[in-house]
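Generate coordinates for the entire structure from the input sequences, incorporating the hints supplied.
2 protein chains.
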Amino acid sequence: EVEATVVSVEASATDAGQQHHEPKEQRMYGRYTQELGVYAKEEAARLRDGGVRDGGGLRRNTSVRSRAADLLEYEKDPCAKCQMCASRCQKFLISRVGEDWIFLILLGLLMALVSWVMDYAIAFCQEAQKWMYGGLDSNMLLQYIAWVTYPVVLITFSAGFTQILAPQAVGSGIPEMKTILRGVVLKEYLTFKTFVAKVIGLTCALGSGMPLGKEGPFVHVASLCAALLSKFMAALFGGTYMNELRNTEMLSAACAVGVGCCFAAPIGGVLFSIEVTSTFFAVRNYWRGFFAATFSAFIFRVLAVWNQEEETITALFKTRFRLDFPFDLQELPAFAILGIACGFGGALFVYLNRLIVECMRKQKTINKFLLRKRLVYPALVTLLVSTLTFPPGFGQFMAGQLTQHESLVALFDNRTWCRQGVAEEFDYISHSHAWKHPQVNVFITLILFIIMKFWMSAVATTMPVPCGAFMPVFLIGAAFGRLVGEIMAAMFPDGIHADGSVYPIVPGGYAVVGAAALSGAVTHTVSTAVIVFELTGQISHILPVMIAVILANAVAQSLQPSLYDSIIRIKKLPYLPELGMGHHEKYNIRVEDIMVRDVRFITLTSSYRDLQEVLLTGQLKTLALVESRDSMILLGSIERSQLQSLLSHQLGRQRRLEHLRQLAQDNGTHDHLPSLATDSTPSSPCISTEESSSFSPAVSNVQLPLKSALKTVSAISDTETPNTEWEEQQLDMPVDFKNCKIDPAPFQLVERTSLHKTHTIFSLLGLDHAYVTSTGRLVGVVSLKEVRMCIDLAVVSAY
Amino acid sequence: EVEATVVSVEASATDAGQQHHEPKEQRMYGRYTQELGVYAKEEAARLRDGGVRDGGGLRRNTSVRSRAADLLEYEKDPCAKCQMCASRCQKFLISRVGEDWIFLILLGLLMALVSWVMDYAIAFCQEAQKWMYGGLDSNMLLQYIAWVTYPVVLITFSAGFTQILAPQAVGSGIPEMKTILRGVVLKEYLTFKTFVAKVIGLTCALGSGMPLGKEGPFVHVASLCAALLSKFMAALFGGTYMNELRNTEMLSAACAVGVGCCFAAPIGGVLFSIEVTSTFFAVRNYWRGFFAATFSAFIFRVLAVWNQEEETITALFKTRFRLDFPFDLQELPAFAILGIACGFGGALFVYLNRLIVECMRKQKTINKFLLRKRLVYPALVTLLVSTLTFPPGFGQFMAGQLTQHESLVALFDNRTWCRQGVAEEFDYISHSHAWKHPQVNVFITLILFIIMKFWMSAVATTMPVPCGAFMPVFLIGAAFGRLVGEIMAAMFPDGIHADGSVYPIVPGGYAVVGAAALSGAVTHTVSTAVIVFELTGQISHILPVMIAVILANAVAQSLQPSLYDSIIRIKKLPYLPELGMGHHEKYNIRVEDIMVRDVRFITLTSSYRDLQEVLLTGQLKTLALVESRDSMILLGSIERSQLQSLLSHQLGRQRRLEHLRQLAQDNGTHDHLPSLATDSTPSSPCISTEESSSFSPAVSNVQLPLKSALKTVSAISDTETPNTEWEEQQLDMPVDFKNCKIDPAPFQLVERTSLHKTHTIFSLLGLDHAYVTSTGRLVGVVSLKEVRMCIDLAVVSAY
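So the protein sequences, as listed, match chains F and R.
Going by UniProt numbering, the first sequence opens with residue 1, and the numbers climb by one from there.
Going by UniProt numbering, the second sequence opens with residue 1, and the numbers climb by one from there.
One should not assume that every hint holds.
Which copy is meant is left open, because identical chains are indistinguishable; a pair holds if it fits in one copy or across any two.
[Claimed, not checked] Pairs of lysine to any residue, SDA-like flavour, derived with a Cα cap of 25 angstroms:
1) K193 / P392
2) K741 / E751
3) K738 / S631
4) K785 / V283
5) K741 / E627
6) K741 / E592
7) K738 / E592
Derived from the structure by calculation, the hints contain no laboratory data.
Given below as structure tokens:
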């Protein structure tokens, strides 16, 4: 019976760890905080020093280590203030830099291969669609069916596949990475299943030709790759690859690799990933991202050369604007207006995207229907979008036959499209002819393209497939820029420049500016400027691009959160939002206004009964240790799991057996007892409780192990001697804190600390909670939840 | 007599605040940590709540505020853990974003103007030299005298001028900015005098044509500009411009502006300044730097357009490499080798620079001579350098007649110089002919140029004038790259590419790569890559540049510290050095090994006598407050100044008068006492002591005010009643901590915290010191000094 209970404890722990629908609120408290090797060493030293002989701590650690690869670890560092280590020291505790290089090279290589193969597969899919569509040009209906069926099948497959294999693979993954790098473990987002689902789902989704992007998911894929690679290296070599801190550090490099190898833009990739995922950035990690992203981008482009696609390494969307006079000074107001308009457009996009999601959630009938038939929504959306882009139908007015790549190449073209002006000899080569309808002006085509793509992209990115929104937004921005550029070219056919020489306006330059500005506005980043330089291989428009991006950001940031923050809020991920700019008067709040005054604590003189009571009623991860109920002087904090093991040790099998033996010695009956005493199998309740308690944070219901432990204990009591009297005695004894790890300096604030400062401290150190003290006396506790709620309220009311 | 003492206290405080030669060790403890407005508000609330009637705190604050503009402030925030605010929250506590924009625009505008005017003046100086040299071509000797005298006069003037006006203006200023942004106040580096000295000194130094750079000093000039601008705005508008935290935040934007408007490279400027000055970077400040740097770069280039120098806004050193096939894949190994060589070169440069400084310091006779005749060294160096570059002399073999700008334009030329290969029709237009000596091969010229410039730059940057090393190093790198490129072009006259079409090698591309790699190696940055793209206006060589820069960094970082860190070490600035990469085994040190065990503390039951004793013996800025001598439980920390005012209040005039009145009442003699009691002029000893105690950290000898206070007190005792008995009584009373600001949560570590973690925590939070506790018991204290010494030892032994 004892064995059975133990097994059930473990089973439930594993089960709960794999549950995806557990409340997020609870999941946020589980974090990777400890390098196991260091921990084991320190624990060993501690045991040696303390003279503790049983080696329980060590044994527990090694047993934990063997399971570490699969289960969420939660081990608190004995060092004070170490919560910050979770998010900061991670970037620091590297023992062997050489291994870093190898890891980064492998990661870059792998990601470049994945990116290239995926691009190849996507191009193949799109070719197949074109071939089908082209082969059936005799019959319009058949052509339509072919044009529509193909993406519907691909998207439905993508949605179904990810739904079955790993629902976490849905969406871009940047919000989740942002949350993970904030220090919150979203374990199931970094599994092999998710990797497979993401890669295959993404390939199908992009192959369908829907307005979806590769960049966001690629950040996630790269992170997955890094996580799996370090697991693999750990299995092969052990040692530093087990270091969870180091892994998180590698994740931030991986984000850079993701963007870098997707656009062949190493610098932009690094900057974009920093802007999108970090709050405080450790400059000494800079080189890591740069190295990995550069290597990855290099391999990605080399593969294209080896495959004879390119003659040498060049930019992905190479432009050929003239170098000697890229733009006129007097064009700058037009660029500035373009930037401001893109700012409004970006905010609108984020708003539209959120509106669609919220609409569908609020409409209960739609919501119910969609929840039952998960594949209907993507199929319907795809049907709608592909019907509208059907080239012989409405698609002819919006360049519907072009893929994203082709459209972008055409939009960045250095020639002028409109018939006025010097570009009269415009020859419809390559993809540009798709933009020119015999009956309709090129301006109408562009406007239709922008409007249609705008809502299509906003809708398409809400589909439950792996997809990003960066590329569609980039494309819309390019089209909008092109439109402005063409209008300028039409207005000033000979260019603006006054002094003799004629420099016609380059509408392609406007397209570049527009692309950077709109994508910058949607993501709230300025590094899109760098990305366009690397994408186009030309930096001549640097000033217009920078001006437009900054203006677009200024407008968009004052109107809406970034797309990723918006998704974080929609998905209710455990992320601490930024304080909005300029809404500071909203935050005239102090810690005393939001802190929880009813703090659970233990005193130095607490009995085990108090301990039991506190553990059974509260849910907090750590408990405050105060000197006494009267003085309330905060001495430190103790982890829940530590207290659990203290309690279970006190009531545990060994002590119980000792007691029984004592009893037996007193009664003179020691015939059946030796067999029990030597029964120290690894499944003895004491050890199993300790094991499960160290897994506890992964378990959604943290109290489970304790309850089971108590159950186990009472099971023993039931089977052997009904000694509740002994138990009561034990519970009344004062707690012995000697073998208990106490964090002697938990993070403290005072009552008058402002919300500003609390926010900064929490995000800088990656804190979960902080105690509020007044001259050493504990008066309250404030946790991430309270801070988040408080800011959310303020931010929501601000928008 | 009382009046006189008070005045002397204030005078000595002001005097000491302006002393430049006080030991750096002490200066580092003074820091800007407090927004005065917030402090005053909180203090007012505190006084109201606490029912303290005399308003001493408030009065003191307003009196402090009126002097704040001139004197170093040190006010501890009452909020716990606020030390981090000094370096982090600064970037956060902004009340009005609109004012930020205005400030940044003004800063950008101002710096662009300064940069442009300075460039104009420098160009004028160099033209004047050329004109003089050219006009005297009949007589070689006169020509030589003109060529040599001109720079010697300029450099001597520059050295003398800065020496007299503001010796802090010497050097690049980046190391100092790094230290200031670390949170250590180097007050005298941000004065108007320094600004004038730096701008004029730099203009003269660069106008002399010596191998000196503008970029490093420009970071300093921009920071000076920002500091002065906020002082000016504060004087005009008051309010937020008084906020010292905000000013520091603006300083980091100013650094970006400095680089941005020097090279017209906004993105590179931002990244370079982040890499060079920050350890942890708050991403939410990103836009500030970008905005200001872009605006500044824009205005800088617009000025050039308005002045008819340029037709439109373009890059500073525009290149015209071909776009369709910038380089061959098979050239990459050459680029990689170039990068590695530059890495070694960069490390050698840093080593050489340090060697020269250290040599001159160690040679006592030289040292003594130089200290007495400060202008002899720069004059001698200038004479040597200009003699060697004299064009008809040795200069003809090393393109001596070209200025830095001209050399760089020539080196980045897209044509091949060597006669072999396709570039046979090489026409010696523009500045390229200087490289081609009729008797000597172009390779020899290049090699001589590199070798001569290398040591010349290393020597020249040690001169006591405002100057940077970035640009000379950049130039040497370009020349080295050019050399490699020319060699490649000579080896493969038809290019490497195998498939039919001939793409000759572009040696200019190698020059770009070499420039980025060498400057990256010397400064330990990767953002030099971005700077070259912005400088040349072409990004086509992105992959070679990135590869070379990363390799150069890898090599240089493993051999030597960066140039700026090297200067920090030479100047012994109070900066916490980075832990070297790969030397981690050296840091197997724990806090218990370095902490100071003999901590000065006060207990809750301390008497005023204990207080006096502690204050008179120790030098620490804050003192630990423990529960009792036995328990040693750390309750918080109290500032020295707080204790000083406690003590002086206890022994102060008011209490003394009360005592006298009491005495008089008892003795029935109250004829002369009312006049004393109403004598509450602002110069009463109590208030003056409080005032001077709040200035104390600016004073090099922190004990001064206390001693004076005691002196004042005894002065009163002497003049009035010799009541030493009363004094003794007062000293034996237990301290009343009621009105004393206690920081309830000073930063704590445990004994086993590793040096790694201590370093991270200190640099992340900008700490001065941290207490070491063991379950709440105070066991030691570790300050920045110990951490720095320990790391220095390890780093020095590693190199």
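Each hint tested on the structure:
Taking the shortest Cα distances, K193 and P392 never come within 25 angstroms of each other, neither inside one copy (41 angstroms) nor across copies (74 angstroms). Only between protomers do K741 and E751 lie at most 25 angstroms apart by alpha-carbon distance; the minimum there is 14 angstroms, versus 28 angstroms within a single protomer. Taking the closest pair of Cα atoms, K738 and S631 come within 25 angstroms of each other both inside a single copy (22 angstroms) and across two copies (17 angstroms). In this homomeric assembly, K785 and V283 come within 25 angstroms of each other (Cα to Cα) only across copies, at 23 angstroms, whereas the closest approach inside a single copy is 29 angstroms.
Taking identical chains as interchangeable, the C-alpha atoms of K741 and E627 lie at most 25 angstroms apart whether they share a chain (16 angstroms) or sit on different chains (23 angstroms). Proximity of K741 to E592 under the C-alpha cut-off of 25 angstroms is restricted to the inter-copy arrangement: shortest distance 18 angstroms between copies versus 29 angstroms within a copy. Taking the shortest Cα distances, K738 and E592 sit within 25 angstroms of each other only across copies (21 angstroms), while inside one copy they are farther apart (34 angstroms).
Hint compliance for this structure: hint 1 alone is broken.
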